[in-house]
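> For reference, the chains in residue letters:
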Amino acid sequence: MKIPRLTDTTLRDGSHAISYSFTAEQVREIVRGLDKAGVPVIEVSHGAGLNGSTIQQGFSKTPEVELIKAAVETAEHAKIASLFVPGIGTSEELKEAVEIGIKVIRVAVHCTEADVTEQYIRLAKELGIEAVGFLMMSHTQPAEVLVEQAKLMESYGADCVYVVDSAGALVPQGVRERVSALKKALSIEVGFHAHNNLGLAVGNTIAALEAGADQLDGTVRALGAGAGNAPTEVIVAALNKMNIDTGISLSILMDLAEEVVAPIIPAPIVIDRDNLSSGYAGVYNSFLLHVRHAAKQFHLNPTEIMEELGRRQAIAGQEDWILDIALELAKEKKYQVIK
Amino acid sequence: MSKVKAAILGSGNIGTDLMYKILKNDGAMEIALVAGIDPESEGLQRAKEAGIAASHEGIKGILADPDIKIVFDATSAKAHVQAAEQLREAGKMAIDLTPAAVGPYLVPPVNLMDHIEAKNVNMVSCAGQATTPLVYAVSRVVPVHYAEMIATVASRAIGPGTRQNVDEFTRTTANSLIQVGGATKARAIPVFNPAEPPIIMTNTVYAAITEKDFDFDAVKKSIADMIQDVSEYVPGYRLKGEPIVDYRDTPWGRLPVVVIMNEVEGAGDFFPTYAGNLDIMTASARRVGELYANHFLQKEEVQQ
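Protein sequence lines, in the order shown, are assigned to chains A and B.
Residues 13 to 351 in our numbering are what the first sequence lists, from first letter to last.
Residues 11 to 314 in our numbering are what the second sequence lists, from first letter to last.
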């Protein structure tokens, strides 16, 4: 089987789980470990992508340009990547990040809105960096729709398109269908990004590889939004057992996970009730802390908010709907009590 | 009373909806011409069916008629830059619905009277029309240090022009929150949601306040008044629940943030009712046109 390219996104997806509080020192330490281990691509930015520092998402404690600079300065071999969500980021931030030295931009949109990426994928190619299309919430659409959308990204000049399981709602069969359909239809590379809400992150990642994926995502110690991602060190261990030699040092990754990343994580990332209900309802993982905030404020069960978000088909970037739903649920309850 | 002749440049969806709005609401304007560039376009067909003169020769027909005083430009930013010059020379008032922003931003309940003698005004963006009044409603009571707005619209209600230029949309809208809404800093973020059935436009405004004390009841009253003002020309414009104050960690410390949630249901003149984003654009443009038309009529009276 082919050797996949691994992208570690601890310093991007992981920022959701620690409320965007990475420091430049933490970035240096984590990049140093990943780089030494031989991970080829390291993603660094606000969890919601460049310029994601907002009230809606949560403000970064350290400006992300400082974090990206720290990563670029530290990495000796790895390429530094950033996420970019059109509308949150603009061309200005993309150009700034390229000037600092990122070599890959991952342009993320809801998986039916690929035409919004044209402006940015073309700009990335003009600026001479790699452009990856990131189809978020891929569980919501069948393979045919994803193929259509991925082809648009390919036509704009993307080097790779990812099937992104933002809600951790896919099972291996769904991953295989989507990845193999993209592989068949595209002449560029295909990637897969997992979340662990159903306990399938590593299994789905392997299923994607078996279906032909060229690029895979992981985060050290699964440090990512909601239920977390496929742990990079576990992916490498599993690939080793499959006799797929990525050249990445498992022992360095294990040390990094245990000694550097684990102490940063405020609470263990497990599939608790909130994360399971989120994945089961097909809700975007980075909503988790916002849902908990609103549930606490309005004395609600996070699960009922998750279920309503799923019912309303909320997509990435709609944290404001959490508050709207919480207010409505709280109002209904008050009404019921009075009745 | 005589009416002021107006023309619509651009026979696409926006131009067509605007035509129906002006026809439906009796006012000081009458549409003398709908001008497009495609003789086969549905918009020109519909204009003819409604008994309105239609031309597929673009701005030419508009320039040829000296009686046309007001021109709504519903083409594109690029086209408007050219048209603006020609309309100015011909002495016609331009109401620009594109993101070109040749003239000042106009948001009816906030600064309608400020540019009464302007020859070219810009209608910002759909999100700008929906959220600038809300930011202003807060800032007229207590200074807004930072305003952020999230506009969620149905994917089906977002045309290719906006999709290919999200940068322009976010920049224009944020600028309007500062220049017209009165915020010191601002961000504007659009979300295109493909849910089926399509969702109606929903907007959330966050207004971060650095003042130690402020009268939230006065803010709420100001917001309620503003909703009333906007709903006079956009009937489907309303609050979603009561505004609240939520404390958030910001780069300026832990601050009270006024959170206003709003929705805009369209009138269904041409667009489906979920497309409140398009409806508020054409309704606002009509409102502005009415003001200028009345202003022209008054000036004429004075002269007579």
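If you are wondering where the hints come from, they were derived from the structure by calculation, not from laboratory data.
None of these values were measured; they are calculated from a predicted model.
Among the hints, erroneous ones may be present.
According to the in silico footprint, chain A covers these stretches of chain B (three or more CB under 8 Å from chain A) [claimed, not checked]:
1) 104-115
2) 139-153
3) 158-169
4) 230-236
5) 254-263
In the DSSO-like style, the derived pairs of lysine-lysine whose C-alpha atoms are separated by at most 30 Å in a straight line are [stated by the list, open to error]:
6) A:K73 to B:K222
7) B:K15 to A:K308
8) B:K34 to A:K308
9) A:K308 to B:K70
10) B:K34 to B:K222
11) A:K107 to B:K195
12) A:K73 to A:K163
13) B:K222 to A:K345
14) A:K163 to B:K88
15) A:K115 to A:K81
16) A:K343 to B:K230
17) A:K346 to B:K309
18) A:K345 to B:K309
19) B:K129 to B:K34
20) B:K13 to A:K343
21) A:K73 to A:K14
22) A:K81 to B:K70
23) A:K345 to A:K253
24) B:K250 to A:K346
25) B:K309 to A:K308
26) B:K195 to B:K222
27) B:K34 to B:K70
28) A:K345 to B:K13
29) A:K308 to A:K73
30) B:K250 to B:K70
31) A:K343 to B:K250
32) A:K345 to A:K308
33) B:K195 to A:K73
34) B:K230 to A:K346
35) A:K115 to A:K48
36) B:K34 to B:K13
37) A:K73 to A:K48
38) A:K163 to A:K195
39) A:K107 to A:K81
40) A:K107 to B:K88
The beta-carbon is built from N, C-alpha and C at its ideal position, and this holds for glycine as well.
> Compare the structure with each hint and give your call.
So, going through the hints one by one against the coordinates:
1. Check result for the region 104-115 of chain B against chain A: violated, 0 residues qualifying (beta carbon to beta carbon below 8 Å, three or more required).
2. Here's how the region 139-153 of chain B fares: 0 of its residues keep a CB closer than 8 Å to some CB of chain A, so the rule of at least three is not met and the hint is violated.
3. With 4 residues having a Cβ less than 8 Å from any Cβ of chain A, the region 158-169 of chain B passes the three-residue criterion, so the hint holds.
4. With 0 residues having a beta carbon nearer than 8 Å to a beta carbon of chain A, the region 230-236 of chain B misses the requirement of three or more and the stated coverage is violated.
5. As drawn, the region 254-263 of chain B meets chain A at 6 residues by the rule of a beta-carbon pair under 8 Å; at three or more, the given contact holds.
6. With a CA separation close to 23 Å, the supplied pair A:K73 and B:K222 stays within the 30 Å bound.
7. With a C-alpha separation of about 58 Å, the suggested pair B:K15 and A:K308 falls outside the 30 Å cut-off, and the hint is violated.
8. This hinted pair does not check out: B:K34 and A:K308 have alpha carbons roughly 48 Å apart, beyond 30 Å.
9. A hinted pair counts as satisfied when its Cα atoms are at most 30 Å apart, and A:K308 with B:K70 does not qualify at roughly 62 Å.
10. Simply put, B:K34 and B:K222 have alpha-carbon atoms about 48 Å apart, too far for the 30 Å limit, and the pair is violated.
11. Taken as a hint, the A:K107 and B:K195 pair is honoured in the structure, with Cα atoms around 22 Å apart against an allowance of 30 Å.
12. The hinted pair formed by A:K73 and A:K163 fails the criterion: a straight-line CA distance of about 37 Å is larger than 30 Å.
13. Straight-line distance between C-alpha atoms of B:K222 and A:K345 comes to about 33 Å, which puts the hinted pair past the 30 Å bound.
14. Our distance criterion of 30 Å between C-alpha atoms is met by A:K163 and B:K88, whose separation comes to about 28 Å.
15. For the given pair, A:K115 sits about 12 Å from A:K81 by alpha-carbon distance, which is consistent with the 30 Å threshold.
16. A distance of roughly 18 Å separates the Cα atoms of A:K343 and B:K230; the hinted pair therefore holds under the 30 Å criterion.
17. Distance restraint check for A:K346 and B:K309: the Cα-Cα separation of roughly 56 Å exceeds the 30 Å cut-off, and the hinted pair is therefore not satisfied.
18. Distance check on the hinted pair: A:K345 and B:K309 sit about 58 Å apart at the alpha-carbon level, beyond 30 Å; violated.
19. At roughly 26 Å between alpha-carbon atoms, B:K129 and B:K34 fall within 30 Å of each other, so this suggested pair holds.
20. The straight-line distance between the Cα atoms of B:K13 and A:K343 is roughly 49 Å, outside the 30 Å bound, and the hint therefore fails.
21. A distance of roughly 40 Å separates the Cα atoms of A:K73 and A:K14; the hinted pair therefore is violated under the 30 Å criterion.
22. Distance hint between A:K81 and B:K70 is unfulfilled; the C-alpha atoms sit about 54 Å from each other, more than 30 Å.
23. A distance of roughly 53 Å separates the Cα atoms of A:K345 and A:K253; the hinted pair therefore is violated under the 30 Å criterion.
24. With a CA separation close to 17 Å, the supplied pair B:K250 and A:K346 stays within the 30 Å bound.
25. For the proposed pair B:K309 and A:K308, the alpha carbon gap of about 60 Å is over 30 Å, so the pair is violated.
26. A C-alpha spacing of about 18 Å is found between B:K195 and B:K222, which places the hinted pair at or below 30 Å, so the restraint holds.
27. Under the criterion of a C-alpha separation no larger than 30 Å, the hint pairing B:K34 with B:K70 is consistent with the structure, at around 27 Å.
28. Proposed proximity of A:K345 and B:K13 is contradicted: the alpha carbons are some 54 Å apart, above 30 Å.
29. A threshold of 30 Å between alpha carbons decides the hint, and for A:K308 with A:K73 the separation of about 23 Å falls inside it, so the pair holds.
30. For the hint pairing B:K250 with B:K70, the CA-to-CA distance comes to about 45 Å; that exceeds 30 Å, so the pair is violated.
31. Restraint check: the Cα-Cα separation between A:K343 and B:K250 comes to about 12 Å, which is no more than 30 Å; the hinted pair holds.
32. Between the alpha carbons of A:K345 and A:K308 the distance comes to roughly 15 Å, so the proposed pair stays at or under 30 Å and holds.
33. For the hint linking B:K195 to A:K73, the alpha-carbon distance of about 19 Å falls within 30 Å, and the restraint holds.
34. Using a Cα cut-off of 30 Å, the hinted pair B:K230 and A:K346 holds, with the two alpha carbons roughly 22 Å apart.
35. Taking the CA atoms of A:K115 and A:K48, the gap is about 18 Å. The hint holds against a cut of 30 Å.
36. Between B:K34 and B:K13, the direct Cα distance comes to roughly 15 Å. Compliance with the 30 Å bound is thereby established for this hinted pair.
37. Annotation: proposed proximity of A:K73 to A:K48 holds, straight-line Cα distance about 27 Å (limit 30 Å).
38. Between A:K163 and A:K195, the direct Cα distance comes to roughly 11 Å. Compliance with the 30 Å bound is thereby established for this hinted pair.
39. Only pairs whose Cα atoms come within 30 Å are accepted, and A:K107 paired with A:K81 is accepted, the gap being roughly 14 Å.
40. Using a Cα cut-off of 30 Å, the hinted pair A:K107 and B:K88 holds, with the two alpha carbons roughly 24 Å apart.
When held up to the earlier numbered hints, the structure conflicts with 1, 2, 4, 7, 8, 9, 10, 12, 13, 17, 18, 20, 21, 22, 23, 25, 28 and 30 and fits the remainder.
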